[in-house]
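Peer 1: Now for the letters of each chain:
2 protein chains.
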Amino acid sequence: MGEFELIRRFFAAAPCAQPAEGVALGIGDDCALLQLPPGEQLAVSTDTLVVGVHFPHSPDPFLLGQRALAVAASDLAAMGAAPLGFTLAMTVEQADAAWLQAFAQGLSQMAQDCGLALVGGDTTRGPLSLTLTVFGRVPAGQALTRSGAQAGDLLCVGGELGDAAGALPLVLGQRESSGPAAQQLLQRYWAPQPQLALGQWLRGRATAALDISDGLLADCGHIAAASGLALQIEAQRVPLSPALQEIAGVAARDCALAGGDDYRLAFTLPAEHLPALRAQWPACAVIGQVLAGSGVQLLDAAGCLVDPPRAGYQHFGSAGD
Amino acid sequence: MGEFELIRRFFAAAPCAQPAEGVALGIGDDCALLQLPPGEQLAVSTDTLVVGVHFPHSPDPFLLGQRALAVAASDLAAMGAAPLGFTLAMTVEQADAAWLQAFAQGLSQMAQDCGLALVGGDTTRGPLSLTLTVFGRVPAGQALTRSGAQAGDLLCVGGELGDAAGALPLVLGQRESSGPAAQQLLQRYWAPQPQLALGQWLRGRATAALDISDGLLADCGHIAAASGLALQIEAQRVPLSPALQEIAGVAARDCALAGGDDYRLAFTLPAEHLPALRAQWPACAVIGQVLAGSGVQLLDAAGCLVDPPRAGYQHFGSAGD
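So the protein lines, in turn, are chains A and B. One point on numbering: in the UniProt record's numbering, the residue at position 122 of the first sequence is 122, and numbering is uninterrupted. One point on numbering: in the UniProt record's numbering, the residue at position 276 of the second sequence is 276, and numbering is uninterrupted.
One thing to keep in mind: the hints can contain errors.
Stated by the list, open to error - Selected chain A positions facing chain B (in silico; Cβ < 10 Å):
| id | residue |
| --- | --- |
| 1 | D29 |
| 2 | D75 |
| 3 | D122 |
| 4 | L274 |
To be verified - A partial selection of chain B residues facing chain A, derived with a Cβ cut-off under 8 Å:
| id | residue |
| --- | --- |
| 5 | A24 |
| 6 | D29 |
| 7 | L33 |
| 8 | V53 |
| 9 | P56 |
| 10 | P59 |
| 11 | L63 |
| 12 | G121 |
| 13 | P127 |
| 14 | T131 |
| 15 | V286 |
As the list claims (entries may be wrong) - Computed footprint of chain A on chain B; a stretch qualifies when at least three of its residues, placed anywhere within it, have a C-beta under 8 Å from a C-beta of chain A:
| id | region |
| --- | --- |
| 16 | 35 to 47 |
| 17 | 73 to 83 |
| 18 | 142 to 153 |
No lab work stands behind these hints, which were simulated from the structure alone. Glycine included, each C-beta is placed from N, C-alpha and C at the ideal position.
This is chain A alone, in the form it adopts within the complex (with noise of 0.2 Å):
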């Protein structure tokens, strides 16, 4: 048996690969078969992260296997799916079993976290790099995509942004801090948490959402393209952690602007569901508002047009994706 064999019965055996609801075959045949129920259908999404690229090189593999997973899940959270399961195919240069074994323990942490199943995938000799196609259901013609936005809807995000970008330094090794703020910051970028649940209650309610992961900015852009509106921004509407405001100073708020890789979800919200939301969801905060118009606007505190940041600090997903 080839070492590669080994580790496709490495995975087989994982936490997260054992029978799930929803899927009626798993690892091992030629295909897995995913089950849906009737009036819902699959949601589907492929994220690949490259070694050098994506993540630095000699990553810790626990926490890599982690980051992996909630990247490509948080895409369910956008569309409002529950999650059922996920392939991942692996390009790895060698096969070493500690490496593989810290991996596998990320990977089933944060996929018992998700509630996702890995029901299949393939494994390669190569530069270091990984492709995971998760799958959700999400009843028929309830998804949320990026072009329901309506005028004088209110824009929402999730929760307080940039503590990916401002873990940025210390991800690179460019920048010391063994604090409680660096830990929390270190956490959000190897750890984020897939605002899932969020994402199936904002079925029915909001009118478009997405994840961000190119920055506030960015992908608000996105959804005002789709709409075919304009977003407009209030910057010290956005929340801030703590943490990021200890370790970044006057450099948090361009952080959660223009750092991405936040992983919480954006979204634009009628005003009439704004008290459920309050009550359900406290960390959701109102940024900004929905008006006729195209791109995004940003206002200062005085209520002022400022030019957006620029996304100037280095960023893993800038060159790649």
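Dock chain B against the given chain A, drawing on the hints supplied.
Peer 2: Coordinates of chain B only, in the frame set by chain A:
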């Protein structure tokens, strides 16, 4: 707009990315949405192809696009699934417009041949690598797995084997040949035809099936192991093309037995279905039978057990998958 955003728009405009039955939402949002008829399950398979491992450096992009999708779609055929769609995760060193256009043409050609719609994907910078996840649909409980073979079943294959293995010295540039036989083998290597219609016909008839990728003997070993039985192969009944015999000479049979990359189906069939198979699928051949026991037995023309040939030639798949 970055060059990778341009690639995404390029693929979104490709013929294979246009609206298709079963695809409720295609490229451009956080997820694609697939729709299944009531009572059907979704078949899913993921395959990765890495430059230098699964295909030569500097491949013809049109041929690479064709072959990558064919290899992935063959897993749908092996389950008896009807084709639905696929995602493409593509990692490239740089965005070369002419290269990408040729690649997309090859991909679209095979997508059209197979009836598969491009529903999403990801494009990143890095060493050339492709991960395709294919989706098909199959009536619940009717998928062809590897585990259902019964003692007494006939062992069959979907047509002539070994052409792709016979093409490898040509693909690798170890041998020059421009005659029609060489062209036929190269065509079989670069544009395998997934046996999707045969796979669907075998539903309710074959007891086990897979597609031959690792080589007939190795893949029959997978059916034997999953079914808990032995598979007996009569070497001289394995069909060989005249082109392969011309190019490979005495090595032709070893190419067919151990070569791999065939992407034809191997399946076990109760004898009662043989007349219908012969009538509908004349290219299929009975090459042996299922017996009590374990493993794969190879018989020579005199009916004597012989040792299987070693897969001795260079094989792109052998190092990584």
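Peer 1: All hints, please: hold or fail.
Peer 2: Hints, one by one, checked against the model:
1. D29: Holds - the Cβ of D29 (chain A) comes within 10 Å of chain B, reaching about 5 Å at its closest.
2. D75: holds, 4 Å
3. D122: Hint on D122 (chain A): holds, closest Cβ of chain B at ~5 Å, below 10 Å.
4. L274: Violated: closest Cβ of chain B sits about 23 Å from L274 (chain A), beyond 10 Å.
5. A24: holds, 6 Å
6. D29: holds, 5 Å
7. L33: Holds - the Cβ of L33 (chain B) comes within 8 Å of chain A, reaching about 5 Å at its closest.
8. V53: holds, 6 Å
9. P56: violated, 14 Å
10. P59: Nearest chain A Cβ about 15 Å off; hint violated.
11. L63: violated, 20 Å
12. G121: Interface hint status for G121 (chain B): holds (5 Å vs cutoff 8 Å).
13. P127: Since chain A brings a Cβ to about 5 Å from P127 (chain B), closer than 8 Å, the hint holds.
14. T131: Since the shortest Cβ distance to chain A is 4 Å, the answer is holds.
15. V286: Not OK, violated: V286 (chain B) not within 8 Å of chain A, min 22 Å.
16. 35 to 47: holds (count 10)
17. 73 to 83: n = 5 at 8 Å, threshold three: holds.
18. 142 to 153: holds (count 4)
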